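J.: If you want the building blocks of each chain, they are given just below.
2 protein chains.
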Amino acid sequence: MFTPRPIGFVSSPYKISREIPKGFGVKHEAEGSLEILPEFELGLTDIEGFSHLIVLWEFDRSGNFELIGTPPTDDRPHGVFATRSPRRPNPIGLTVVEFQRRDGPTLYVRGVDMLDRTPILDIKPYLSNVPAEKLRRGWMTEAESRKSQMS
Amino acid sequence: MFTPRPIGFVSSPYKISREIPKGFGVKHEAEGSLEILPEFELGLTDIEGFSHLIVLWEFDRSGNFELIGTPPTDDRPHGVFATRSPRRPNPIGLTVVEFQRRDGPTLYVRGVDMLDRTPILDIKPYLSNVPAEKLRRGWMTEAESRKSQMS
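These protein sequence lines are chains A and B, in that order. Residue numbers for the first sequence follow my numbering, beginning at 69 and rising by one. Residue numbers for the second sequence follow my numbering, beginning at 69 and rising by one.
Treat the hints loosely; a few may be bogus.
Since the list can't tell identical chains apart, any single copy or any two copies may satisfy a pair.
[Said to hold, decoys possible] Quick list of in silico lysine-lysine cross-link-like pairs, BS3-like style, CA-CA up to 27 Å: (1) Lys215 with Lys83; (2) Lys90 with Lys202; (3) Lys202 with Lys95; (4) Lys202 with Lys83; (5) Lys95 with Lys83; (6) Lys215 with Lys90; (7) Lys215 with Lys202.
No lab work stands behind these hints: they were computed from the structure. Owing to the predicted nature of the structure, the values given are computational and were not obtained by experimental measurement.
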């Protein structure tokens, strides 16, 4: 397969994992930036018109993968491919950020949930939504409902 | 960085790139399956409840990357990070598929736009949409409007 290389690094207010808000109803509104390396800056041409970007990045500080784990949003274990766990066979994270403005190789964004200095693998324009009436969120909906009954 | 490994392979009706529908208004409704390798099957636990999945995969038959290129949806060039071009510094593709049913290590899905035998890197649950009133699609909206004026 290909050999991953960073196209840049995230600048984030979060220095350690514990600082990142987790769990249900968490709003990721932290501001940060995507600092693209000079040799890839040309690839940002025309990115200004998109309101949201998909950022793919490396979980560079997570441990070995676990096929089953208990996420912060539930007290029951689930398969890694049914969660956003950092401990994945290929440690690739995905975050949809709101794009605010560009200054040369720097993209200022809102909604970062990555650690500071996280390596960025790719940026793609966010183009379309899944029809809301067709979206089902599996165990997450059940877990939310169990938690709200407890509180 | 990490060393990518396939967690499985796509089974798709498309054998060569030319067969994949491209351009504006294209609906990806092709049916296919995600064939997960036996050693990762446990990671699919509880995936059944999600209506849509994000599939990350390798563009394993694309050439070297190009920072600027002309996509099939336009006659003007754009930066690679403002497009879904296969010729990316890290050749990672992303497809949102509609999940139909699971049979052991096989996930039957609708909406494949990958070539047959494409290596799969990761599967994540699709959890939320960007608010529709906030979504802007940059040069794609302009290109659509130019094309519709020409026809």
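J.: Tell me the numbers of any earlier hints that the structure contravenes, in ascending order.
T.: Of the numbered hints, 1 and 4 do not hold.
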